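A.B. asks: So the protein lines, in turn, are chains E and F.
Residues in the first sequence are numbered consecutively from 1, following the numbering used here.
Residues in the second sequence are numbered consecutively from 136, following the numbering used here.
Just so you know, the hints here were simulated from the structure itself, not pulled from any lab data.
One thing to keep in mind: the hints can contain errors.
Subject to a maximum C-alpha distance of 27 Å in a straight line, what follows is the list of computed BS3-like cross-link-like pairs (lysine-lysine) [unchecked claim]:
1) K111/E to K433/F
2) K111/E to K81/E
3) K392/F to K49/E
Label pairs and their in silico Cβ distance ranges [what the hints assert, rightly or not]:
4) L334/F to T124/E: 48 to 58 Å
5) P389/F to V59/E: 25 to 35 Å
6) R326/F to F120/E: 25 to 35 Å
7) P361/F to L9/E: 52 to 62 Å
Keep in mind it's a predicted model, so treat the numbers as computed, not measured.
For each residue, glycine too, the CB sits at the ideal point set by N, CA and C.
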Amino acid sequence: MSETYNKPLPKIDPVNRGFWENAKAGRLSVQTCKSCGDKHYPASPVCPKCLSSDQEWGVVSGNGTLESWVDFHRAYWDGFKENLPYRVCLVRLAEGPIMVSNLVGNSDNAKMGAAVRVVFDKVTENVTLPKFEMA
Amino acid sequence: MSELAELKNRAAVIGVGNTAYGNFPDVDEYGLAAQAFRSAVADCGIDKNQIDGLVVCRIPYYGRMGEVLGLDPRWTLTLPPHGRMSGIGIIEAATALATGHAKYVALLYANIGRSRRVNYGGDESPGVWDPFGFTSPGGAHAMAFQRHMQMFGTTTRQLAEVSVAIRHNAGLNPDAVMRKPITIEDHENARFITAPLRLLDYCLINDGAVCLILTTPERAKDFKKPPVLISGFGGQESFTRSSIPNFDMDFWYPAVKAAGDQAYAMAGVSPKDVDALMAYDNFSPTVLFSLEGLGFCKQGESGGFVEGGALKVGGRLPVNTDGGHLSNSYMQGWALNVEAVRQLRGECGARQVPDCEVVQYVQATPCTRSIIYTRG
Ligand SMILES: [Zn+2]
Numbered sequence: 001m002s003e004t005y006n007k008p009l010p011k012i013d014p015v016n017r018g019f020w021e022n023a024k025a026g027r028l029s030v031q032t033c034k035s036c037g038d039k040h041y042p043a044s045p046v047c048p049k050c051l052s053s054d055q056e057w058g059v060v061s062g063n064g065t066l067e068s069w070v071d072f073h074r075a076y077w078d079g080f081k082e083n084l085p086y087r088v089c090l091v092r093l094a095e096g097p098i099m100v101s102n103l104v105g106n107s108d109n110a111k112m113g114a115a116v117r118v119v120f121d122k123v124t125e126n127v128t129l130p131k132f133e134m135a
Numbered sequence: 136m137s138e139l140a141e142l143k144n145r146a147a148v149i150g151v152g153n154t155a156y157g158n159f160p161d162v163d164e165y166g167l168a169a170q171a172f173r174s175a176v177a178d179c180g181i182d183k184n185q186i187d188g189l190v191v192c193r194i195p196y197y198g199r200m201g202e203v204l205g206l207d208p209r210w211t212l213t214l215p216p217h218g219r220m221s222g223i224g225i226i227e228a229a230t231a232l233a234t235g236h237a238k239y240v241a242l243l244y245a246n247i248g249r250s251r252r253v254n255y256g257g258d259e260s261p262g263v264w265d266p267f268g269f270t271s272p273g274g275a276h277a278m279a280f281q282r283h284m285q286m287f288g289t290t291t292r293q294l295a296e297v298s299v300a301i302r303h304n305a306g307l308n309p310d311a312v313m314r315k316p317i318t319i320e321d322h323e324n325a326r327f328i329t330a331p332l333r334l335l336d337y338c339l340i341n342d343g344a345v346c347l348i349l350t351t352p353e354r355a356k357d358f359k360k361p362p363v364l365i366s367g368f369g370g371q372e373s374f375t376r377s378s379i380p381n382f383d384m385d386f387w388y389p390a391v392k393a394a395g396d397q398a399y400a401m402a403g404v405s406p407k408d409v410d411a412l413m414a415y416d417n418f419s420p421t422v423l424f425s426l427e428g429l430g431f432c433k434q435g436e437s438g439g440f441v442e443g444g445a446l447k448v449g450g451r452l453p454v455n456t457d458g459g460h461l462s463n464s465y466m467q468g469w470a471l472n473v474e475a476v477r478q479l480r481g482e483c484g485a486r487q488v489p490d491c492e493v494v495q496y497v498q499a500t501p502c503t504r505s506i507i508y509t510r511g
């Protein structure tokens, strides 16, 4: 965390605000439909399954499995140059939705299906990014 | 008309044209498209004022395009600058001809991404995963190929076969941008961009324009060259995970299979009848995914299928005989459709596939399309 954080930040809006408020408090959440129970991410203005607008941010376990990953050797934003190569992961949460994030810590033993768990990276005063590490 | 299959052979390509491919900072999209249009008009010998249908893609304003070409069409369609619109545009044009919206349709595509230094990632294409540095179509294809490696044991040396074969084909095409032969070792030693993908898994970025002119088969007889028939087509979108752009958990397998099955049924052919395949190759893995979805091999077996130069002209299944996006030109599918026409006309010189009668185009993308062309 620093005053000079120069990577892209999430564009927080009324639909996704709950996710980022939860993340700031160290909780991972997915949008949960109060009408049909569907869990999905990223934020959607209506439930893609039943079209209800009655949705909430349901806290999840933070456990998941690795679906895939990619190592970026090119920085599309200057802020990532110091991290090259950095690892992006695709995680299936235990509760179902899939999420893109960073795989941090030692992940030399990465393989599809491996268990991962969320960790929180407070990058600015207002933004905490949920990232993952090998469980 | 109620069945899609009734659209078999209801449209024909009569003229094709393209600009040179390269770096043209002094020309805009209209100028490039006009050159391609002039070339396609000359190719078929049509009076350009007969053209009453216009499709434009990656061209800022359809109206200005009509003004530049001196055309007031009856029917117009404008497509966004995404690399998956060529199949959509050609199928829509074929449908417009069959239903009488237009008698002669010109389809125009132009790209100035090289001279204007388009990056295809970062702030040019903002997305929900930007805070994690996940951006660019290449990053998404790398994530898909990593998954393919994990699920099926596909190797990067097998992936290299795609780039090596398509570069070989480009070497037979005097107009291709990249013609110097490469080897599997060259591929394996190239620098990573988004590992497991390396530089040689990435398509080119270059300027250029492409034009196709379509009409009905009856009208097609009046022009200079034998018509090429649009004998089958199919489509299937994969939109429900669009927040991860250019990615599909299942390699677009269900979509490619659906689109291919529709196209094969309409045309009355099967993969074994296909003399050459034009597969959208923005990144080399897309070719593997296309081969699996269309049924040239089983899902997971494309790595073995492409070994030994299978995709070269003269190989088991010639793919992207002009050099594709990887080595000829990044014309986002449009030039591949032109190549299909030229192969069926027998105009391809050193890269000509002998006795070429059936050529298939496929784009394994969030908007998957396949088109089957046959000799008229
Ligand atoms: Zn619902």
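A.B. asks: If a hint holds in the structure, say so; if it doesn't, say that too.
C.D. replies: Outcome of the hint check:
no., hint, verdict
1, K111/E to K433/F, "holds, 23 Å"
2, K111/E to K81/E, "holds, 26 Å"
3, K392/F to K49/E, "holds, 25 Å"
4, L334/F to T124/E: 48 to 58 Å, "violated, 34 Å"
5, P389/F to V59/E: 25 to 35 Å, "holds, 33 Å"
6, R326/F to F120/E: 25 to 35 Å, "holds, 33 Å"
7, P361/F to L9/E: 52 to 62 Å, "holds, 58 Å"
Figure legend: structure checked against the earlier numbered hints; the only hint not met is number 4.
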